[in-house]
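Participant: Here is how the chains run, residue by residue.
Number of protein chains: 2
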Amino acid sequence: MFSSEAADAGTKSDRTRARLRAIALRSFRERGYDATTVRQIAAEAGVSVGVTNYHFASKNRLVQELYVDVQERHRAAAVPALDGVDDLIDRLTVIYRTGLDELTPYHPHAGEFVAAAMSPKSDVNPLSAESAPARDITEALFARAVSGAKHSLPADIADRLPAVLFLGHLLLALYWAYDRSPGQERTSRLLERGLGLLRLALPLVRLPLVRRPLREMLDLIGEVRS
Amino acid sequence: MFSSEAADAGTKSDRTRARLRAIALRSFRERGYDATTVRQIAAEAGVSVGVTNYHFASKNRLVQELYVDVQERHRAAAVPALDGVDDLIDRLTVIYRTGLDELTPYHPHAGEFVAAAMSPKSDVNPLSAESAPARDITEALFARAVSGAKHSLPADIADRLPAVLFLGHLLLALYWAYDRSPGQERTSRLLERGLGLLRLALPLVRLPLVRRPLREMLDLIGEVRS
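First to last, the protein sequences are chains A and B.
With our numbering, letter number 196 in the first sequence gets 213, and the count goes up by one each step, no holes.
With our numbering, letter number 195 in the second sequence gets 212, and the count goes up by one each step, no holes.
Excised from the complex, chain A in its bound form (with noise of 0.2 Å):
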């Protein structure tokens, strides 16, 4: 029956489609991102190129797979870890913190990924269109860091901190990318003191004075798209 069939041709390209980037995820973790190639994905995958070009239009196009992958899995690990925690600060800690563990696997090649992500033109930079499902999903673990928090920040600034908070997460990971201490455990620490340095900061946000540059300059940083 031909509605049968074409169930079926769906299942098996589905499958094809999963095995693709099954694959291709694991080769940017252990091989990184200059030596995979959607040439050594198809053979891998006993598929021709054309076959695989059918499924992820580029290799920019499955390093989104990744992004999101990566993503999910920081949200898996972070929101159980937020249960019972209400101080904002240490809501924070567990998103970046999480966040961090999550790309530990690919430090050995982070400095290609810099690479291949910093131009404002790239389609893989967090910051393009094209990132916004994976973007999405950390933007709106801030969100929920933020809005399940006991605090006294006035609306106007928690409302922008999602946002700013998410490119903290990106400085975060660069300076990880460059941290070639044993277990990166400089970037660990440059979070507990930047972090422990905000909950300082915090009850000054209140005084009119910081809060009006501090809500025009918390505009500025989060609106930055590439």
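Please keep in mind that the hints were generated in silico from the structure rather than gathered at the bench.
Do not rely on the hints blindly, as some may be mistaken.
Identical copies go unnamed one by one, so any copy, or any two together, can satisfy a pair.
[Said to hold, decoys possible] In silico lysine to any residue, SDA-like type, Cα no more than 25 Å apart, as pairs:
1) Lys-167 with Arg-216
2) Lys-138 with Leu-42
3) Lys-138 with Asp-118
4) Lys-29 with Leu-224
5) Lys-167 with Asn-77
Remember, predicted model here, so these are calculated numbers, not experimental data.
Position chain B against the provided structure of chain A, taking the given hints into account.
Facilitator: Only chain B this time, still in chain A's reference frame:
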């Protein structure tokens, strides 16, 4: 006479080197990083690729010449503008503002330079050993801004500022590379708001509760190298 011939050859070689450098710097400014090649520079100078490589071993060696040129112009603009300015934040405004002004002609191609420079393994990374000559000029400018200012910062914090202010300069340049507003006016506003908030925060630095974690954080940031 042999010594005179050698001197003449030296002079001709110096002239060739200066011409190659000038052609490369103009090409980086007008065509950008990607479209500038050693072959094209050699052709414009009327010399062989071999002669070009004798003077500058690679295109990235010429980028180092560009970095030093931009930072020497930065210093030439900043030093006289610091005269008679003794407020720390006003002095930092001078350094950051003149730094952005020197970058302006390169904005149309800024993304290409970001892409080439951001990898931790790139020899044109501003934090690489190869980039030390240009970096030293800018760090010395920030050291001058701090040491010549009337401020009440503890010495252990003031000593650590130039390296971190230099990283701030790189982050500001990164923001500027992404800034598509007319005349990059968003970058100007970000700088103004950021330094305004720094002015409000400076008195807090003397509190032991702030000073200790801040000192550690300045060390972690200031020591980043690629």
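Participant: Does each hint fit the structure? Answer for all of them.
Facilitator: Each hint tested on the structure:
no.: 1; hint: Lys-167 with Arg-216; result: within (13 Å within a copy, 29 Å between copies)
no.: 2; hint: Lys-138 with Leu-42; result: both (23 Å within a copy, 23 Å between copies)
no.: 3; hint: Lys-138 with Asp-118; result: between (28 Å within a copy, 23 Å between copies)
no.: 4; hint: Lys-29 with Leu-224; result: neither (61 Å within a copy, 65 Å between copies)
no.: 5; hint: Lys-167 with Asn-77; result: neither (40 Å within a copy, 51 Å between copies)
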